[in-house]
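Undergrad: From first to last, the protein sequence lines stand for chains A and B.
Oh and the first sequence: position 320 is 320 in the working numbering, straight run, nothing missing.
Just so we're on the same page, the working numbering is the position in the second sequence counted from 1, plus 1000.
Simulated from the structure, these hints should not be mistaken for lab results.
Predicted model only: the values in this text are computed from it and were never measured.
Among the hints, a few may not be true.
Here are the simulated lysine-lysine pairs, DSSO-like style, with alpha carbons at most 27 Å apart [to be verified]: (1) A:190 to A:138; (2) A:266 to B:1215; (3) A:238 to B:1200; (4) B:1138 to A:157; (5) A:138 to B:1157; (6) A:266 to A:136; (7) A:215 to B:1138; (8) B:1157 to A:260; (9) B:1200 to A:190; (10) A:37 to A:14; (11) B:1110 to B:1080; (12) B:1026 to A:200; (13) A:14 to B:1110; (14) A:260 to B:1110; (15) A:37 to A:26; (16) B:1215 to A:157; (17) B:1113 to A:14; (18) A:200 to B:1266; (19) A:238 to A:260; (20) A:157 to B:1110; (21) B:1289 to B:1113; (22) A:260 to B:1263.
According to the in silico footprint, chain A covers these stretches of chain B (three or more CB under 8 Å from chain A) [stated by the list, open to error]: (23) 1070-1081; (24) 1161-1167; (25) 1200-1210; (26) 1216-1229; (27) 1238-1252.
Glycine included, every Cβ here is placed at the ideal spot set by N, Cα and C.
There are 2 protein chains.
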Amino acid sequence: MNIAILGAGTIARKMAQAINGMDSAKLYAVASRSLDKAKAFAAEFGIPHAYGSYEDMASDPNVELVYIATPHSHHFEHMKLVLEHDKPVLCEKPFTVNAKQAREIMELAKQRKLLVAEAMWTRYLPMRSMLDDILKSKTIGDVQSLTANLGYEMTQKVRLTEPALAGGALLDVGVYTVNFALMVLGDAIKRIDSSVLLTKTGVDAQSSTTLVYDKVLAMLNSSMMANTDRRGMIYGPKGYIEVQNINNPEYIRVFDPVHKLLKELKQPQQINGFEYQVQACIDAIETGKTECPQHPHAAILAVMDIMDELRRQWNLRYPFE
Amino acid sequence: MNIAILGAGTIARKMAQAINGMDSAKLYAVASRSLDKAKAFAAEFGIPHAYGSYEDMASDPNVELVYIATPHSHHFEHMKLVLEHDKPVLCEKPFTVNAKQAREIMELAKQRKLLVAEAMWTRYLPMRSMLDDILKSKTIGDVQSLTANLGYEMTQKVRLTEPALAGGALLDVGVYTVNFALMVLGDAIKRIDSSVLLTKTGVDAQSSTTLVYDKVLAMLNSSMMANTDRRGMIYGPKGYIEVQNINNPEYIRVFDPVHKLLKELKQPQQINGFEYQVQACIDAIETGKTECPQHPHAAILAVMDIMDELRRQWNLRYPFE
Chain A
1 MNIAILGAGT IARKMAQAIN GMDSAKLYAV ASRSLDKAKA FAAEFGIPHA
51 YGSYEDMASD PNVELVYIAT PHSHHFEHMK LVLEHDKPVL CEKPFTVNAK
101 QAREIMELAK QRKLLVAEAM WTRYLPMRSM LDDILKSKTI GDVQSLTANL
151 GYEMTQKVRL TEPALAGGAL LDVGVYTVNF ALMVLGDAIK RIDSSVLLTK
201 TGVDAQSSTT LVYDKVLAML NSSMMANTDR RGMIYGPKGY IEVQNINNPE
251 YIRVFDPVHK LLKELKQPQQ INGFEYQVQA CIDAIETGKT ECPQHPHAAI
301 LAVMDIMDEL RRQWNLRYPF E
Chain B
1001 MNIAILGAGT IARKMAQAIN GMDSAKLYAV ASRSLDKAKA FAAEFGIPHA
1051 YGSYEDMASD PNVELVYIAT PHSHHFEHMK LVLEHDKPVL CEKPFTVNAK
1101 QAREIMELAK QRKLLVAEAM WTRYLPMRSM LDDILKSKTI GDVQSLTANL
1151 GYEMTQKVRL TEPALAGGAL LDVGVYTVNF ALMVLGDAIK RIDSSVLLTK
1201 TGVDAQSSTT LVYDKVLAML NSSMMANTDR RGMIYGPKGY IEVQNINNPE
1251 YIRVFDPVHK LLKELKQPQQ INGFEYQVQA CIDAIETGKT ECPQHPHAAI
1301 LAVMDIMDEL RRQWNLRYPF E
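Put together the whole structure using the sequences plus the hints.
TA: As structure tokens, then:
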């Protein structure tokens, strides 16, 4: 399948490496606002077509799937552009900056019978099924609680601190913690409690969120102020599971109640992990689906709704909202 | 110094082992409501005096310090009894079941010029100073957040589930998480947010608490429903610190921002760790102090006030309150 990459930054490079290692996908085009940048990117990754305009790329009839790798402040605009040119979309996370934008995009994709998917890559990884199997085995009993954290010192990054760019740690890294909770526990959340510390610019510098389920607590934190250990921990009456890490799972460890290691599952051989979400999109498109079963629209929306609710609790509205 | 142990349960045994390994302290007496139990305990640990009455033990003029090892529902009553017999006290954690009781006991001790201390043993351990040194070195920069958890599957323990026994995970294990936060961050807390799930009997089965400081978040959780990893994690812009574990520190690890291990400090050679709090009490008594500088009354009260506030948020009042 012919893949085009929209955007030519760090995450686009990682995707280019993945696709170049795949048999079922081929890098067909790259587009950047700067043609020079697109050409350099194309040369580096052996991509036949370089565009200096997103619209020109989206108009190319040979493009079969567009991966959107721009900052999340622009996901809505770029997904809309691509869908309106009748191309399926795999968009970097977070899908959009709020649930309203997400619903509009999904509606558009549905009308046009096009796939639209979020590149929340941890949803598509083999380690996710491995984790599901451990949970189903009830080795640790019924899950009672989980914790997940993700933080990096990123205070110098303007896209993180600027409200106009939909800044804040939640949308950038917190989205992984919410996804982790929902992957393990589903979305039957009874109440959301949170605490936040804001930057001087008014976005969330760090936050603590508890998703209260009927009988389970999910305790999440995200930060642009500090480097955290990125662990996901899942606790039960018969032991616990450690996922290291929720941003890029390297291993899963299972412990018994007295902290003895019962089992360790390592990341299987892979290109760089990005290939699974691409393959999921290819499979979905080839079978006429408009969403990926690994991460359906309802799951994307559940996360977006939680992030909306958190920002509501924090009185954090972006200027364009 | 002649030490008497009030109570003859599991924690009393651990203390007896510690004191039997010390030069500066001597097991002089043990008291239990059951004389048989006291005698068996005395025989096992080579203690010369066994009492079947707490009052008789407290009246013995040769007793120089009483360690109270009864369930926390009885700490207030037993500390009062001992102080009224003019003996210094080291009482198991939590000090009392609420701050009102704690203040009354401290007032009584002050009037009588007697030491009263809480056996929150982690406050007295050498690893606490080691942690302080790492924090002061600013290897990880200024602390931005921390997490701490402590949980065991303990739903079958009546003292945990009964409101009349001041049950709930918070007082039993959560007290360690609050102490960990306050040891690292102090008590200048701006706001406390929390979520709780209650048992059928109406006490906290598990909870999530965020202590919101001016620029720092402390995220704590405690549980009687699940076994947790017991880690304390301290996050900064230049790396993070792992304390394994907050209940019984075995090691402290320091990581850089890219998760490389910089340093590991192991628990030094010790009897079982309980000896440090006993030595602190001996030192305090010998220098005429009524509190231990390692864990002064203000620190005990700060923890009790937080636990009171949490129970207020949860509408959890014990029947005797």
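Undergrad: Which of the listed hints are not met by the structure?
TA: Violated: hints 2, 7, 12, 13, 14, 17, 18, 20, 23, 24.
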